[in-house]
Amino acid sequence: MVALDTESRPVARAPGTRRRGSRTPASWVRRGGLTTLIFFVPLLLSFSYFSWWPILRSVVLSLQQTNFIVTEWVGLANFQRVLADPLLATAVWNTTYFTLLALLIGFPVPILMAVVVAEMRRTRGLASVLAYLPVIIPPVVAVLLWKTFYRPDEAGLFNTVLGWFGLGPFQWLNDPSMVIPAIVVQATWASFGTAVIIYLATLMTIRTELYEAAEIDGAKILRRFWHVTLPQMRGILLIMLLLQVIGTFQVFTEPYIMTGGGPENHSVTILMLIYRYAFISGDYGRATALSLILAVALSALSAIYLWATRRWSTS
Amino acid sequence: MDQKSPFVRGAVLVAGLIVLVALVVTCAGPLFWLFKAATSTSTETLAQPFALWPSGLHWENLVEAWSSVRFGTYLRNTLVVCVGTWFFGLLVATTGGYGLAVLRPAYAKVVSAAVLATLFIPGVISLVSLYLTVVNVPLFNVNLLNTFWAVWLPASASAFNVLLMSRFFQAIPRDLFDAARIDGAGAYRVFWSLVLPLARPILGVVSLLTLIGAYKDFLWPLLVLPNPDLQPISVALPRVESSTDLGVFMAALFISVVIPVLLFLAFQRQFLRAAGSAGAIKE
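Quick mapping for you: the protein sequence lines, in order, are chains P and S.
In this text, residue positions in the first sequence follow our numbering: the first is 1, and each later residue adds one.
In this text, residue positions in the second sequence follow our numbering: the first is 1, and each later residue adds one.
It is worth saying that the hints were derived from the structure and are not from the lab.
Don't be surprised by glycine CBs; every beta carbon is placed ideally from N, CA and C.
Any given hint might turn out to be false.
[Unchecked claim] Here are the simulated DSS-like pairs of lysine-lysine, each with C-alpha atoms no more than 27 Å apart in a straight line:
| # | chain 1 | residue 1 | chain 2 | residue 2 |
| --- | --- | --- | --- | --- |
| 1 | P | K147 | S | K36 |
| 2 | S | K109 | P | K147 |
| 3 | S | K36 | S | K216 |
[As the list claims (entries may be wrong)] Covered, in the sense of this in silico footprint (three residues per stretch, anywhere, with C-beta under 8 Å from a C-beta of chain S), are these stretches of chain P:
| # | stretch |
| --- | --- |
| 4 | 51-62 |
| 5 | 96-106 |
| 6 | 117-124 |
| 7 | 162-169 |
| 8 | 176-185 |
| 9 | 188-202 |
Okay, chain P solo, but in the shape it has when bound (with noise of 0.2 Å):
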């Protein structure tokens, strides 16, 4: 293989050799090194602008005060007034509550729903569209219309169905103590079809000689699911595991549309906190202490997450 190997570079080289000529910027020009940078241009602009100036400016801007007329240097006074900003244990206890919440009832039904679905022979195809269809609904609508199911009147969706069991009507959106499930519910429910489509695709390369094998071991069905399925699984659950917390750390538009933060601010989150210091109050500097808080502290969280399961991912 690997005498192959370098018997057969030279020739494969054989077009892109001619590297060590002269240098001179017409000879960059004539072996096409402007046309190569031209097809660079967009892809370079588009991150130039939108994407590293953007994440440089937030670490200077979270150093400065400034109204664009005038700009000061404040040091780390932007991040000690986010510290005293009583609001942000508030925040920060709803948001992790929110993705603590997330995990526990959005984590495990799309592994579940997607084991199940993969047995299904006939009807896997409808499942699993039935499954995305949530996700095609974009997150406004969605919000909007379970905010008209939770309607905390006797005419709401909810409270019909559970008074036909005589309980209730339940405050919902309205209640300090089940702002924040109602909103998982419908977070969840708004996105799990992803996980179980991205679930199936890999359920569907698990070769099956794997289960032959071990039935021929004598595993039964449960066995084989935990010592088949799951190990092979283990890769994009792990990966999953960790975009879900990301992703709903940095929830926004469900709460912000749902409750505004309410009731007396038991669903404001992180994000949400952000958007007021920035677009409501015109605080950036603060705004910007904030998301890079958040920025550092969920990087690091990937960090030591990667590092702490890259034996386990790759075994």
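The hints should help you fit chain S onto chain P, whose structure is shown.
What follows is chain S alone, placed relative to chain P:
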């Protein structure tokens, strides 16, 4: 898993049936109810939310949504947002992917690392500074607020799309490029007549993901399109919610849902494959 014993087969059948019924009720149910509410009067929806059209179908809600809520305008804006985002997204992803995976100049490694790095940085970090960049674009000193450029351009910097595209280009056999070059095709020719036609499946995937993303986006258009005449439906709907009659509002929600749902049902294979392959690359 193959199941031999009748017990296991029965259990799997029952589980499948339960999942299917649950999916019909939870996923198709709300859409059906939305259709019902969109074609009922507000009082009916409020008094008996589960009664099926006690006073017949009220199609006038849909007409009303179109005229009084100015739904046509919002729908047109949505279309403009989606098409522009799609065009610029694909432009950056295809040319960039081609440069990184096929042309591979010496500086490609640096560019590729810089693109990849943005994939690992949470988007929240640049929300505010991206907004300020759009308000006053460096070097050009223009304000893109209340123009569709403010939505189109930032969305084009998608590391995910570039990565997806360049991975696909990388898998194209190098012999094809060498053969094309020997036949005298330049970099443009190879890109336009060889790479793009070969990349049709991945172009479909990226197009679908970009279009769905653009249609679903809320926070960014809310920030950069404060002018109601330019807002897409996702931004307009929450704004008109409190001032609109319930039946008419449900009709507006229904119109916003019916277009993507019909498109999805017509092209479900492509949609599901796109979603599945999006997962494959996340791995």
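Checked hints:
no., hint, verdict
1, K147/P - K36/S, "holds (16 Å)"
2, K109/S - K147/P, "violated (48 Å)"
3, K36/S - K216/S, "holds (23 Å)"
4, 51-62, "holds (count 8)"
5, 96-106, "violated (count 0)"
6, 117-124, "holds (count 4)"
7, 162-169, "violated (count 0)"
8, 176-185, "violated (count 0)"
9, 188-202, "holds (count 9)"
Violation of the numbered hints given earlier is confined to hints 2, 5, 7 and 8; the remaining hints are satisfied by the structure.
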